[in-house]
Amino acid sequence: MRKASLKGLQAFEAAYMHRSFAAAAQELSITSSAVSHSIQTLEEALGTLLFERARRGVVPTADGARLYEVIQRSFADIDNELRTLLDRSSRQQVVTIQSAPSFAAIWIMPRLPAFLRAHPEIDVRLWAVHQAPDFSNSGVDVAVTYGRPPASAGVHVEPISAHERYVPVCSPTLVDGWTLPLPPGDVENFYLIQNDVSLTSWDDWIARFAPDCDSPVRGLRLDRAFMTLGAAENGLGMCIESTVLVHDYLREGKLVCPFGELAIEATAHHLAVPKSREGLQGVRTVVEWIRGFADFGV
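Heads up: the sequence shown begins at 12 in my numbering, then just goes up one per residue.
Fair warning: there could be bad hints in the mix.
Using C-beta positions, here's what the derived DEER-type ranges look like [unchecked claim]: (1) Ala65 / Lys286: 36 to 46 Å; (2) Thr42 / Leu123: 22 to 32 Å; (3) Glu299 / Pro194: 40 to 50 Å; (4) Leu231 / Gly271: 19 to 29 Å; (5) Ala34 / Pro161: 20 to 30 Å; (6) Phe126 / Ser44: 25 to 35 Å; (7) Pro121 / Lys286: 50 to 60 Å; (8) Lys18 / Arg77: 14 to 24 Å; (9) Leu123 / Gly158: 16 to 26 Å; (10) Ser226 / Trp138: 37 to 47 Å; (11) Ala73 / Asp214: 29 to 39 Å.
No wet-lab data here; the hints were simulated from the structure.
Note that this is a predicted model, so its numbers are computed, not measured.
Backbone N, C-alpha and C fix where the C-beta goes; we use that ideal spot for every residue, glycine too.
Work out the full structure, taking the sequences as your base and the hints as a guide.
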């Protein structure tokens with residue numbers, strides 16, 4: 012059997028990811044015919060078809076799917092070993108953090124300047140995105156996720172906080188003259204700001220704490236927690252958000268809890284690190300920094 016070339020394996024991986032020779036060619040900066048030829052040569056070397064040519068793009072065969080899993084593991088091992096060698100040989104370390112956008116805006120960014128001053132040997136790359144981290148192919152070293160924790164045998168996952176809950180908050184000016192904490196039923200006297208990508212909602216809170224409230228007044232609907240908190244801070248209504256995200260707002264007096272500690276229990280933010288990268292000095296430093304954030308309880 013002829014040996015499979017690295018060029019052929021790269022062309023195969025790109026075609027598998029895109030389900031298209033043309034898109035793979037664009038990613039690799041080569042022609043579609045070059046991708047097709049590389050994959051054909053690989054198929055001849057292996058003695059099996061890796062793709063079924065379809066009307067629109069290509070469809071991996073069962074053998075193609077098995078080969079892709081092997082390639083992904085192998086490329087990930089190579090990447091991890093290269094990172095380890097670079098970490099040992101260079102004083103300057105690059106650590107890529109993928110974070111849920113609101114956690115990045117509210118927690119990481121305000122604390123990042125102090126971290127970089129304390130650790131000039133670390134260059135941080137911060138990606139603020141909602142999708143689940145792809146540790147095998149994206150170069151992400153540390154992730155702070157929102158929602159269901161990533162499930163992978165090769166990834167260490169832990170909650171950001173042991174005390175995360177969802178609690179109503181608002182500007183102090185909005186409830187000026189009211190006696191706090193308010194009875195839950197008073198929620199119907201205020202505009203309610205909803206985060207459409209939140210793990211919970213005003214409907215959940217009202218069903219639990221104010222079931223007799225038939226017609227709460229709806230307000231803004233937004234899709235980022237930092238926007239709902241900004242709207243609440245500016246007196247546009249009340250919002251219900253994670254204690255992980257409202258912590259600083261409450262500490263600085265920008266927001267208050269109008270209904271006291273009536274909150275919905277939920278764990279939404281998780282810290283995820285590939286086990287293969289936990290030993291890298293730069294990654295360890297970043298992970299300990301995130302773990303060292305103040306207690307998020309209200």
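Against the structure, the hints come out as follows:
| no. | hint | result |
| --- | --- | --- |
| 1 | Ala65 / Lys286: 36 to 46 Å | holds (37 Å) |
| 2 | Thr42 / Leu123: 22 to 32 Å | violated (42 Å) |
| 3 | Glu299 / Pro194: 40 to 50 Å | holds (43 Å) |
| 4 | Leu231 / Gly271: 19 to 29 Å | holds (24 Å) |
| 5 | Ala34 / Pro161: 20 to 30 Å | holds (26 Å) |
| 6 | Phe126 / Ser44: 25 to 35 Å | violated (48 Å) |
| 7 | Pro121 / Lys286: 50 to 60 Å | violated (30 Å) |
| 8 | Lys18 / Arg77: 14 to 24 Å | holds (20 Å) |
| 9 | Leu123 / Gly158: 16 to 26 Å | holds (23 Å) |
| 10 | Ser226 / Trp138: 37 to 47 Å | holds (42 Å) |
| 11 | Ala73 / Asp214: 29 to 39 Å | violated (45 Å) |
Checked against the numbered hints listed earlier, the structure breaks hints 2, 6, 7, 11; every other hint is satisfied.
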